[in-house]
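These protein sequence lines are chains A and B, in that order.
Residues in the first sequence are numbered consecutively from 12, following my numbering.
Residues in the second sequence are numbered consecutively from 12, following my numbering.
Hints are not guaranteed to be accurate.
Stated by the list, open to error - Listed below are the simulated DSS-like cross-link pairs for lysine-lysine, each with C-alpha atoms no more than 25 Å apart in a straight line:
id, chain 1, residue 1, chain 2, residue 2
1, A, Lys383, B, Lys413
2, B, Lys300, B, Lys383
3, A, Lys413, B, Lys379
4, A, Lys254, A, Lys154
5, A, Lys413, B, Lys413
6, A, Lys254, A, Lys353
7, A, Lys353, B, Lys77
8, A, Lys379, B, Lys41
9, A, Lys41, B, Lys379
10, B, Lys413, B, Lys41
11, B, Lys413, A, Lys379
12, A, Lys77, B, Lys353
13, B, Lys413, B, Lys383
Treat the hints as calculated values from the structure; they're not laboratory data.
Each chain, written out:
There are 2 protein chains.
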Amino acid sequence: MAVNLVVPEASALRPIAGVRLGITEAHVRKPNRKDLLLVEIAEGASVAGVFTMNQFCAAPVQVCRKHLGHEPAIRAIVVNTGVANAGTGEPGLAAANETCAVAAALLGCRPDQVLPFSTGVIMEPLPVERIEAGLPHCKASLKADNWLDAAHAIMTTDTLPKAVSRQVNIDGRMLTITGISKGAGMIQPNMATMLGFIATDAAVAQDTLQDMVRFAADRSFNVVTIDGDTSTNDSFVLIATGKAGNPVIRGEGTAEYALLAEAVTDVARQLAQAIVRDGEGATKFITIKVDGGETREECLRVGKSIAHSPLVKTAFFASDPNLGRILAAVGNSGLEDLDQAKIDLRLGDVLVAQNGARAASYSEEQGKRVMKEAEILVQVSLGRGVECATVWTCDLSYDYVKINADYRS
Amino acid sequence: MAVNLVVPEASALRPIAGVRLGITEAHVRKPNRKDLLLVEIAEGASVAGVFTMNQFCAAPVQVCRKHLGHEPAIRAIVVNTGVANAGTGEPGLAAANETCAVAAALLGCRPDQVLPFSTGVIMEPLPVERIEAGLPHCKASLKADNWLDAAHAIMTTDTLPKAVSRQVNIDGRMLTITGISKGAGMIQPNMATMLGFIATDAAVAQDTLQDMVRFAADRSFNVVTIDGDTSTNDSFVLIATGKAGNPVIRGEGTAEYALLAEAVTDVARQLAQAIVRDGEGATKFITIKVDGGETREECLRVGKSIAHSPLVKTAFFASDPNLGRILAAVGNSGLEDLDQAKIDLRLGDVLVAQNGARAASYSEEQGKRVMKEAEILVQVSLGRGVECATVWTCDLSYDYVKINADYRS
Chain A
12 MAVNLVVPEA
22 SALRPIAGVR
32 LGITEAHVRK
42 PNRKDLLLVE
52 IAEGASVAGV
62 FTMNQFCAAP
72 VQVCRKHLGH
82 EPAIRAIVVN
92 TGVANAGTGE
102 PGLAAANETC
112 AVAAALLGCR
122 PDQVLPFSTG
132 VIMEPLPVER
142 IEAGLPHCKA
152 SLKADNWLDA
162 AHAIMTTDTL
172 PKAVSRQVNI
182 DGRMLTITGI
192 SKGAGMIQPN
202 MATMLGFIAT
212 DAAVAQDTLQ
222 DMVRFAADRS
232 FNVVTIDGDT
242 STNDSFVLIA
252 TGKAGNPVIR
262 GEGTAEYALL
272 AEAVTDVARQ
282 LAQAIVRDGE
292 GATKFITIKV
302 DGGETREECL
312 RVGKSIAHSP
322 LVKTAFFASD
332 PNLGRILAAV
342 GNSGLEDLDQ
352 AKIDLRLGDV
362 LVAQNGARAA
372 SYSEEQGKRV
382 MKEAEILVQV
392 SLGRGVECAT
402 VWTCDLSYDY
412 VKINADYRS
Chain B
12 MAVNLVVPEA
22 SALRPIAGVR
32 LGITEAHVRK
42 PNRKDLLLVE
52 IAEGASVAGV
62 FTMNQFCAAP
72 VQVCRKHLGH
82 EPAIRAIVVN
92 TGVANAGTGE
102 PGLAAANETC
112 AVAAALLGCR
122 PDQVLPFSTG
132 VIMEPLPVER
142 IEAGLPHCKA
152 SLKADNWLDA
162 AHAIMTTDTL
172 PKAVSRQVNI
182 DGRMLTITGI
192 SKGAGMIQPN
202 MATMLGFIAT
212 DAAVAQDTLQ
222 DMVRFAADRS
232 FNVVTIDGDT
242 STNDSFVLIA
252 TGKAGNPVIR
262 GEGTAEYALL
272 AEAVTDVARQ
282 LAQAIVRDGE
292 GATKFITIKV
302 DGGETREECL
312 RVGKSIAHSP
322 LVKTAFFASD
332 PNLGRILAAV
342 GNSGLEDLDQ
352 AKIDLRLGDV
362 LVAQNGARAA
372 SYSEEQGKRV
382 MKEAEILVQV
392 SLGRGVECAT
402 VWTCDLSYDY
412 VKINADYRS
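When you get a sec, could you build the whole thing from the sequences and use the hints?
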């Protein structure tokens, strides 16, 4: 069902010196599937993260925020699927802390050097004893070239694993970046998505890495949406092991920062787009570009208003050029003083609306031709400024309803 | 498909002295259906309205706002279905004005004493010549007891007509209120819904009537949602003919105002709930009560966040007590400083979550029992104040996707 989503060969995913990954079947919620991931991070790495803005954030998110805030540096990540450990109160926090304690004992570090992550059903207790029993198996299987298995182990309703690797040459030194993500539903990441992990062998100062993870999130996970539901567990973590031996990148103003941030953002964007391509029930991959705004923020609001409209999404599913629905969604974005007479709408290479009304040159046949494609570009010009933004989304199909009516069953 | 929606007998809809309604088949977009309504209002009536906050508002909405703003009083309403006359630019405005001119000539009033309304497909030109040809037939069929036919004539994807009538005794004088509405999709009215018309024979001053229509809208049409899409054409109009001969109600502070406003709001609420019961693909009618808020507005935000969540709506469709999704939606409502440890959730008579986590007494069986009902009450307590609000919505089913993928075809 996924839209043009290519799964890389395991060998195409470059190991990151200083990172090893171990996987097991812990039977967290269902048997016979890889559902527990342990990531070991070498000493000396910087780790930064951004987390959901959902106020009902999960217990592991609360623990991550606490552990990331201080020294010593993070040495391990534990991820389980099946149960989200959200809406679980104090017992949920205890389970997340217990997970950290067990992983720390196995790897010889402190519990607050471990970040826990969970994804799955909300308001069910985390069976922490199964995670405790599984972690030694994860440790036994730790390998540097295990990224594709790790991408498998964090899937829920995802149909395909998501993993991306790339390199960037900075000052004659080749730096490597590899990341994985999962998504599929409850996807309108707000700060990050559930879940994205990217590692690089570059050396980056802690504060600078935090700037970089925010920069990358705002241009990748934070601009995709499947269904407008922001998860309780969204998390995006960036690890810089420093094993490449480059001079430590410090501060946002340097050329090295710009090059690495762009490469990290590129990986994050591919991982975020992979989530959309594999969105629950998705049959179309839709890119929404909004320009002519007074601010990037208002362009994003218009883009997300279009991307969240069930009527727009069902029209894409039907390949029906019922494009007035896009204009309605633009008007529904809550922008003050929007002048509809200045708005243009393009679909692929077709000018659909000009100055707020159907373009004289537009014909239904043109719209139909573009709507039939699996990848569709929507361009809206607001005619009131010079800022722009891009949002990626998918259509709303029978299968979205089916998947979410059946999930848990 | 509608959920417990009862269509009244035509005889149960009381005429309003001073209001006559005429209907015809004008073939606006499709043949063989009543699609044009003319409402004649006697001299001396007050008419007030509220309209969509969608910035891409339709041409007729723009014309209504202009005509309602000044004397002389409104004498007629024209409603067509099939084409929304939105996203139609200057030609759309000309078509709406032409509609007013033709109706005015037929009824012997000025064009600015006519309010035009349209509902249907966006960004298609209004075939104004068909409306011109149909209006004389509407005039010929003007009758006082035509409310049910009028409710039929304004339907689009509605499966049933929506009409309500009631009386209220004020100072020994029986006043009558009758109204109609239509809805089904693109429904998250923001100021009013597409479309509601209520008339009363009470005498109410113009300014006071405007207060009353806003009061009623905020407690009826503005607190229902089908899919979170605010239409380009939402309009809610309240007509007070004064034919009952009561002393003119003037000012919000009087006992007479309170009694009439409550009766009008009751009619509006029933019409708004009828729209939800007949929501596109609806199989469940869901009442969401939020209390313990600091303000009514924040309770509404929480209620709408739950009502708009596709994951919550698909769980209702499946009768699956996957109720953590409701907690996630509460957390996703954007409230600052929400303390999840203070939140309680009830489903019908079942305490599901207490202090932000699954209640000790809760069992899956209890949740399943309530989820199977066709009418479900969700109660959320925020534990931070004394304000409350109620929102009504429906589930998200295969048929919502089917209807909106097929609409227009």
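Each hint tested on the structure:
Under the criterion of a C-alpha separation no larger than 25 Å, the hint pairing Lys383(A) with Lys413(B) is consistent with the structure, at around 17 Å. Restraint check for Lys300(B) and Lys383(B): the C-alpha separation of about 19 Å stays at or below 25 Å, so the hint holds. With a C-alpha separation of about 18 Å, the suggested pair Lys413(A) and Lys379(B) falls inside the 25 Å cut-off, and the hint holds. Distance hint between Lys254(A) and Lys154(A) is fulfilled; the C-alpha atoms sit about 16 Å from each other, no more than 25 Å.
With a C-alpha separation of about 13 Å, the suggested pairing of Lys413(A) with Lys413(B) holds against the 25 Å cut-off. Restraint check for Lys254(A) and Lys353(A): the C-alpha separation of about 53 Å exceeds 25 Å, so the hint is violated. Restraint check: the Cα-Cα separation between Lys353(A) and Lys77(B) comes to about 21 Å, which is no more than 25 Å; the hinted pair holds. For the given pair, Lys379(A) sits about 21 Å from Lys41(B) by alpha-carbon distance, which is consistent with the 25 Å threshold.
Taken as a hint, the Lys41(A) and Lys379(B) pair is honoured in the structure, with Cα atoms around 21 Å apart against an allowance of 25 Å. As the CA atoms of Lys413(B) and Lys41(B) are separated by approximately 20 Å, the hinted pair is consistent with the 25 Å bound. At roughly 18 Å between alpha-carbon atoms, Lys413(B) and Lys379(A) fall within 25 Å of each other, so this suggested pair holds. Note on Lys77(A) and Lys353(B): the hinted pairing holds, with a Cα-Cα distance of about 21 Å set against a maximum of 25 Å.
The straight-line distance between the Cα atoms of Lys413(B) and Lys383(B) is roughly 23 Å, inside the 25 Å bound, and the hint therefore holds.
Comparing the model with each earlier hint shows a violation of hint 6 alone; every other hint is respected.
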